[in-house]
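> Using the sequences and the accompanying hints, generate a full structural model.
There are 2 protein chains.
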Amino acid sequence: MRKIYYILIALVSTSLWSCAQSYPGLILTTQGVEKIKSEVHPPLFKKTLQSAIEKVDHAILEGIDVPTPKDMAGGYTHEQHKNNYKYMQLAGALYQINGDKKYAEYVKQTLMQYADKFSSWPVHPTNRSYATGKVFWQCLNDSNWLVFTSQAYDAIHEYLTKEEVEYLDQQLFRPYADFISIENPQFFNRVHNHSTWGNAAVGMIGLVMNDEELINRALYGLKINTDNSLAKDNDGGFIYEKGKAKAGFFAQIDYAFSPDGYYTEGPYYQRYAMLPFMLFAQAIENKRPDLKIFEYREGLLVKGVKALLYQTNASGEFFPINDAQKGMSIKAGSVVTALNIAYGISKDPDLINAARLQNSVLLDQNGFEIATQIEKLPLQPFEKSSIELKDGKDGDEGALGILRSGSGKDEFTVVFKYTGQGLGHGHYDKLSYAIYDGDVEVLQDYGAARWVNIDQKEGGRYLPENKTWAKQTIAHNTLVVDKKSHFGGKYEIANLNHSEGIFFNTDNPKAHAAGAVELNAYAGVEMRRIILLWKDDHFDKPVVLDIFEAVSDEEHIYDFPYQFAGQIMSQNFTVEGVQPEVMGDAHGYQHLYSEAIAEAGESIQMNWFKDNKFYTMTSESKPGDNIILGRMGANDPDFNLRRDALLIHRKNNASKAIFLSAIESHGTYSPVTERPIQPYSKIKSIETVENTATSVEIEVKSKSEKKWRLKINKQTGKVEIKERT
Amino acid sequence: MRKIYYILIALVSTSLWSCAQSYPGLILTTQGVEKIKSEVHPPLFKKTLQSAIEKVDHAILEGIDVPTPKDMAGGYTHEQHKNNYKYMQLAGALYQINGDKKYAEYVKQTLMQYADKFSSWPVHPTNRSYATGKVFWQCLNDSNWLVFTSQAYDAIHEYLTKEEVEYLDQQLFRPYADFISIENPQFFNRVHNHSTWGNAAVGMIGLVMNDEELINRALYGLKINTDNSLAKDNDGGFIYEKGKAKAGFFAQIDYAFSPDGYYTEGPYYQRYAMLPFMLFAQAIENKRPDLKIFEYREGLLVKGVKALLYQTNASGEFFPINDAQKGMSIKAGSVVTALNIAYGISKDPDLINAARLQNSVLLDQNGFEIATQIEKLPLQPFEKSSIELKDGKDGDEGALGILRSGSGKDEFTVVFKYTGQGLGHGHYDKLSYAIYDGDVEVLQDYGAARWVNIDQKEGGRYLPENKTWAKQTIAHNTLVVDKKSHFGGKYEIANLNHSEGIFFNTDNPKAHAAGAVELNAYAGVEMRRIILLWKDDHFDKPVVLDIFEAVSDEEHIYDFPYQFAGQIMSQNFTVEGVQPEVMGDAHGYQHLYSEAIAEAGESIQMNWFKDNKFYTMTSESKPGDNIILGRMGANDPDFNLRRDALLIHRKNNASKAIFLSAIESHGTYSPVTERPIQPYSKIKSIETVENTATSVEIEVKSKSEKKWRLKINKQTGKVEIKERT
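First to last, the sequence lines map onto chains H and W.
The numbering of the first sequence is the numbering used here, which starts it at 37 and goes up by one.
The numbering of the second sequence is the numbering used here, which starts it at 37 and goes up by one.
Heads up, the list lumps identical chains together, so a pair's fine if it works in one copy or across two of them.
Calculated cross-link-like contacts (lysine to aspartate or glutamate; reagent style EDC-like; alpha-carbon spacing at most 16 Å):
| hint | residue 1 | residue 2 |
| --- | --- | --- |
| 1 | K649 | D491 |
| 2 | K362 | E710 |
| 3 | K118 | E710 |
| 4 | K747 | E733 |
| 5 | K750 | E733 |
| 6 | K367 | E710 |
| 7 | K362 | D680 |
| 8 | K546 | E756 |
| 9 | K122 | E710 |
| 10 | K73 | D136 |
By construction, these hints were calculated from the structure, which means they are not laboratory data.
Rendered as C-alpha cells:
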C-alpha cells in the first residue's frame with residue numbers, strides 16, 4: 037500500500053518537474069557564483085568571506101576527524117560532527133567563490149570518511165531522546181547535519197566522479213535520509229519544529245541527489261498510521277496532536293505559523309525553526325519553482341521572517357517569552373540565513389536595516405546583494421511599529437500585542453502576551469507583559485532556567501527549575517490567584533486554551549492600546565487587561581499604563597508581581613526588613629524569598645535603578661493591601677536561578693479588583709560623569725475614576741499638579757485623553 | 037605677624053617674576069589659539085568642539101540663571117551653579133577659538149550676575165559640611181567653581197572694560213577667594229585633596245587677576261596655628277595630620293603622592309584630585325615658568341597622571357580600591373584634562389593610546405596636538421605592564437602591586453594591595469587583591485556603598501553600609517581572623533600602619549611575582565601573601581596562583597573569602613542548601629547570609645559563570661575545613677547593597693595555615709552562538725609541597741596529568757618552574 041502511494045506521488049511530481057540538474061543550484065546558484073566572481077565585493081561580504089576562509093583554513097590545518105559517535109551536546113564527538121557540517125558548508129561555498137580546489141577536496145574527503153563509517157555505526161549509544169540519532173544523540177542534530185551538508189555536497193558535486201557520487205549517495209546520504217525518516221517516523225512525521233528539520237534534511241539531500249522519492253517524502257510526509265497519540269517528546273509535548281493528520285513540509289507551514297507569521301512557541305524557537313523552513317524553501321524555489329513555495333499561504337514564510345524580526349528589543353534580542361534563553365538575537369546564524377533568503381524573495385529595503393544589525397551575510401547571491409545594498413542605502417534604524425501578531429493556525433487563538441514607540445536606541449516597547457499556550461515550551465503567563473526601554477528590561481520576563489549546551493548545568497538541557505520556577509505564573513508580570521499558577525500549571529489543560537484579544541488600537545497616536553481577556557486560567561475568575569503606551573510632551577519617554585481587572589464571585593488572594601530586577605532607590609511605603617522567608621511550597625513560590633513586607637496606603641510608588649537608568653512604578657492601592665519585596669533563589673540547591681528582585685502587590689480576600697499602574701522610565705546616570713538626569717518620576721499618583729462594563733476612566737496626576745484623564749472604551753480600545761492643569 | 041610674612045613672600049616672588057600679563061594665558065594660550073585657528077582641525081578636536089558648541093548654545097538658549105544657593109548636590113541650585121561654571125569655561129574657549137562674541141557676552145553676563153549677588157549671599161543654608169560653602173553646600177564645590185570660572189575669566193578678559201574687570205575682581209573674585217581660604221582655614225590649609233582644590237582655585241584666580249597675595253597664599257598656604265588636631269572632616273578623616281605643618285600647593289605635592297605618583301586614597305580620589313593639581317600646575321607653568329613646577333619632586337605630577345592611568349582595567353575603569361564608585365574611568369573629564377596637560381609636558385606617545393580610549397580632548401593647544409597625533413600614530417592599545425606603585429610620601433609605606441599580562445582586550449591583571457590605610461577613605465583590606473580578565477572582575481573588590489550625587493540614596497553621600505559593609509575586611513579578598521576586621525575596624529589604629537612589600541619580581545616572564553607581609557592588622561597573627569601571575573602554554577590565559585600564609589601561636593577562625601559574584605556552575609563539594617542565615621552581628625558579617633554550607637575534602641574546586649565567561653578556583657583544603665556559600669544583603673533595610681555571591685573557605689581552630697589557590701579564567705560563551713568554549717578548567721589540583729622560612733614550593737596538576745612545581749623564594753620572589761608529564 038505504501039509503495040503504491042509513493043509511485044503515485046512520484047508520477048505526479050515527475051510530470052510537473054522537468055528541470056535539468058545543474059550544480060551548484062540548491063542555495064548558492066551558478067548565476068550567483070558568476071555574479072560574485074565578476075563584481076567587486078562590498079565590505080560586509082568581504083568580511084564574511086574572510087572570516088569563512090579563516091575558519092575553514094583552520095579546520096583543514098587541524099585535520100579531518102570523523103569520530104565514532106559517543107557524546108551528548110557539549111562533548112567532543114558532538115561538537116566535532118557539528119564543526120564538520122558547518123565547515124563543510126562553508127568550504128563548499130569557498131570552493132565555488134574562490135575556485136580553490138583544496139576546499140572541494142576537504143569536503144570530499146570528509147564525506148568519504150562519513151560514507152566509509154556510516155553503515156557500521158549503530159544508533160547513538162546515549163539513548164536519551166524520544167528519537168535517538170545516529171551521529172548525534174538526537175535525530176534533530178542528525179537533520180542539522182544533513183541540511184548543512186547537502187549544501188556542501190551540492191557545491192562540490194561537479195568536483196566528484198560519477199563513482200564517488202554513487203558511493204556517497206548509496207553509502208551515506210540515502211541511508212542517512214532513510215534513518216531520520218522511515219526509521220524514525222515519530223520524529224519525521226510530526227507537525228513540529230523537529231520534523232521541519234527532518235523534512236528539510238531529507239528534502240534538500242533529495243534535491244541534490246535528484247531523488248524524487250526523498251523529495252516527496254519531505255514535502256508530504258510518510259504515510260503511516262499513528263495510534264500512539266499520548267506519547268510525549270523530551271520536552272513534555274505530545275508527539276501527535278489531535279486533528280493534525282498531515283505531515284511533511286507543507287503541513288509544517290500549515291500548522292507552524294499563524295496567518296501573521298507568528299510561531300506559537302515564540303521567537304526563541306522560531307529563530308531556530310526558520311532556518312530549515314527558509315533553506316528548504318529556497319532550495320525548492322531554485323529547483324522546483326513550479327511549486328511556488330514562497331507564495332504558499334499568501335507568502336507566509338517571508339511573513340514569518342518579518343514577524344520574527346519584529347519580536348526583538350532595540351539590540352535585536354528576542355523577547356524571551358516561553359522557554360527562551362535571554363540574549364539570543366537576530367545575529368544568530370539561522371536568522372541571518374532566514375533574513376537573507378527573505379530579502380532575496382521580497383527585496384524589502386527595511387530588511388537591509390535589520391541586516392546592518394546582524395553585521396553578517398550568507399556567502400551566496402542573496403548575501404552579496406544585501407552587502408551591496410548596505411553600502412547604497414542611507415543609514416537608518418530597523419523600523420518596528422506597533423503590531424499585533426495573531427496566534428493559532430487560523431489566527432483565532434489570541435495574539436502577541438507589541439506596542440511600540442521610537443526606533444533604534446529610543447525604541448520603547450511593551451510586549452503583551454495573550455496567545456495560546458505555545459505547546460510544550462509554553463509558560464503559564466496569560467496576559468503577562470514585559471517592558472523594554474531600548475534594550476533594557478524595565479519589567480522582565482525571566483526567560484528559561486537553562487544554560488543551552490553548557491555541560492555543567494545538566495548537559496545544557498532544561499533544568500528542574502525551568503518547570504518549578506520559570507514556567508510558573510509568579511515568574512511573570514501577571515496576576516496569580518490564590519498562589520497557584522494558571523491552569524493549575526497543567527499543560528494538558530493549558531494547551532486547550534488561549535486568551536482572547538479584544539482590541540489592538542493604534543488610532544490615537546498619543547495612546548496605542550491593547551486589550552485582552554482570559555477566562556480559563558482560573559475557574560471562576562475573569563481577568564482582563566488593558567495596556568496603553570501613552571505619550572505626552574510632559575514626559576521624555578512613553579509611559580506604560582496598565583489596567584488589570586479581576587472579577588470573581590468568591591474571595592481570593594490576588595498577587596500582582598512586578599519583575600523589576602533592579603536596585604531599589606526609594607519607595608513611598610515603610611519597609612519592615614525581615615529575615616528572608618520562603619513564600620510557599622509550590623507554583624514557583626517555593627523559589628521566592630520575601631525580603632521585606634509593607635502595608636500599602638492609597639498608593640504604591642517605588643523608584644529603582646537598573647543598567648544606569650531610573651524607573652518608577654506608581655500604583656493605586658487600598659489600605660489592607662500588602663507589598664512584598666521578594667527575591668528569587670529559595671530551594672535552589674544547585675544555584676540554577678538568578679537572584680532577581682520583584683515586588684508583589686497583594687490583595688487579600690478580594691473578589692473584584694483592579695490593579696492600576698503607571699510605569700515610567702525617566703532618568704539616567706553615568707558612573708563617569710556621576711550626574712543623575714531626572715532621577716525622580718514625574719507622576720505623583722494614578723487612580724481609577726470610573727469603571728463600567730463598557731469603559732474605564734483613569735486619572736494621572738503629575739508632581740507639578742498636572743492632571744490627565746484617560747477614558748478607554750473596553751470594546752474598541754478607543755482612548756480619549758483630557759488634560760487639565 | 038601674618039602681614040609681614042606675606043610681604044616677604046611677595047617681595048621674593050616679584051623679584052623672580054617679571055612677565056607681562058597677556059590674555060588668554062592661564063591654560064589656553066594666545067599661541068595655542070593662533071595654532072588652532074590656523075590649522076585644519078583633526079576629527080576628535082572637531083567633535084569635541086562641536087559638542088561644546090551644542091552644549092553652550094543650548095545653555096545660552098535656556099537663559100542665564102544664577103539662583104540663590106539653597107540645595108544639596110543633585111538639587112536645582114547646586115546643579116545650576118555647576119552648569120554655569122562648566123558652560124562658562126567652555127564658552128570662554130569657544131570665544132577664543134571661534135571668535136564669536138556671543139560666547140564672551142554669555143560669560144560676562146553670567147559673571148556680572150554672580151558679582152551683583154555674591155556679597156548678599158550668606159553662607160550656604162545647608163550647614164552640613166565641616167567647611168560649608170557659599171554657592172554650594174561645601175567649600176570644595178565652591179573651589180570647583182573658581183577653578184573652572186578662572187579659565188572663563190581669563191579667556192574673555194580682553195573683552196571686558198577696565199571697569200568691568202575691577203568690578204568683578206572686587207565684588208566677586210577676591211571675596212570668593214578670601215572666603216574659601218581666609219574664612220575657611222580648616223578647608224584651605226589642610227594637606228588633603230579638598231585643600232588642593234582650594235589652593236588651585238585661589239591660585240588660578242590670583243594668576244588671572246595678577247594678585248600676588250592670592251598666588252602666594254595658594255602656593256604656600258595660610259600662616260595660622262592649628263591646634264584642633266583631633267577635628268575630623270565629613271568622611272571621618274583627621275583635618276590636620278600630625279607632623280604635617282606645611283600647607284599650600286607645594287605641600288600638597290609633597291604629601292599627596294608617593295615618589296611613584298601613587299595617591300594614598302587610591303585612583304578614584306586621585307582622578308578627582310589630579311584636575312586641580314594639573315590645571316593649577318599648567319597655569320603656573322604658563323604664568324610662572326620660573327617655578328619649574330613640572331620638575332618639582334623629579335617630575336612628580338606627570339608621574340602621578342601615569343600612575344593613575346595604570347590603575348585601570350582594560351576599559352580604562354579604575355580599580356575600585358578604598359572608597360570608590362565602580363565604573364569611574366579615564367574617560368572622566370578630570371582625567372582628560374590631566375592627560376592632556378601631562379602630554380603637553382611629556383610628549384609621551386603612549387599617552388596618545390590612552391587618549392584614544394578617552395575619545396575626548398581639551399579645547400586648547402594640548403587637546404589639538406593630541407587629536408592631531410591620534411591621526412598620525414599607528415593604532416595601538418594603551419600598554420600597561422606589571423608595575424609596583426609605592427605608597428607613602430617617601431615611598432616606604434607599602435605599595436600597590438599590579439601584575440599584568442597582555443594588552444587591550446587581552447589584558448589580564450591582578451591588583452594586590454599592600455599599601456597604607458589610604459586615609460579616611462581607606463578600607464580594612466590589607467593584602468587584598470582583585471583580578472581582572474579584560475574588564476571583567478574575576479574576583480571583585482566591592483567598591484563603595486554609595487551612589488554619588490543620587491539624591492534618593494541619602495543625597496548621594498556615603499551610605500551607612502559603606503562603613504558597616506564595604507570598608508570591612510570580609511567585603512574583600514583577604515583573610516579575616518576571628519570574624520573581625522583588620523585593626524578591629526578602627527581607623528585611628530589602621531592609619532598608623534601599613535603593610536610591607538617584600539618583593540615585586542618580574543624577572544621570570546613566566547611568573548611575575550609579588551610578595552607582602554602584614555604584621556599589625558591582627559595582634560599575634562602574621563599574614564604573608566605571595567601572588568604569581570603564571571603563564572604557561574598549557575593555558576590560554578595566565579593563571580593566578582595565590583599563597584596566603586597565616587601564622588599565630590594561638591588558635592583562630594580563619595575566613596578566606598572569594599568574591600566571585602557570579603553564577604555557580606559546578607563544584608567538587610556537596611552543598612547542603614540552607615535557609616539563609618545571617619552570619620554575624622558585626623564587622624560586615626551582619627550583612628552576609630550563608631546560603632549553603634559544605635565540608636571540604638582535600639581540595640575545593642568551584643566553577644562559575646559571569647559576564648559570558650567561565651572561571652574556576654581550585655584550592656588546597658583539609659578535612660575539617662568548611663565552605664560557606666554566602667550572599668550580601670542581610671540587615672539592609674534600605675536595599676543599599678548588591679546581592680553579590682561569595683565563597684568563604686573557613687578553617688576552624690587554626691594557628692598556622694596556608695590558603696593556596698589557583699584562579700583560572702578559561703572559557704567563554706555567547707548566548708547567540710550558544711556555544712561554550714572551554715567551560716571547564718584545566719587544573720585538577722594544587723598542593724603545597726614544602727614551605728620553609730625561605731621558600732615555598734607548590735605543585736599544580738592538570739586534568740591531563742601534567743605537573744608543574746613552582747618554587748618561590750620568599751625574600752626575592754625568584755620563581756623556579758619545573759614541568760613534568
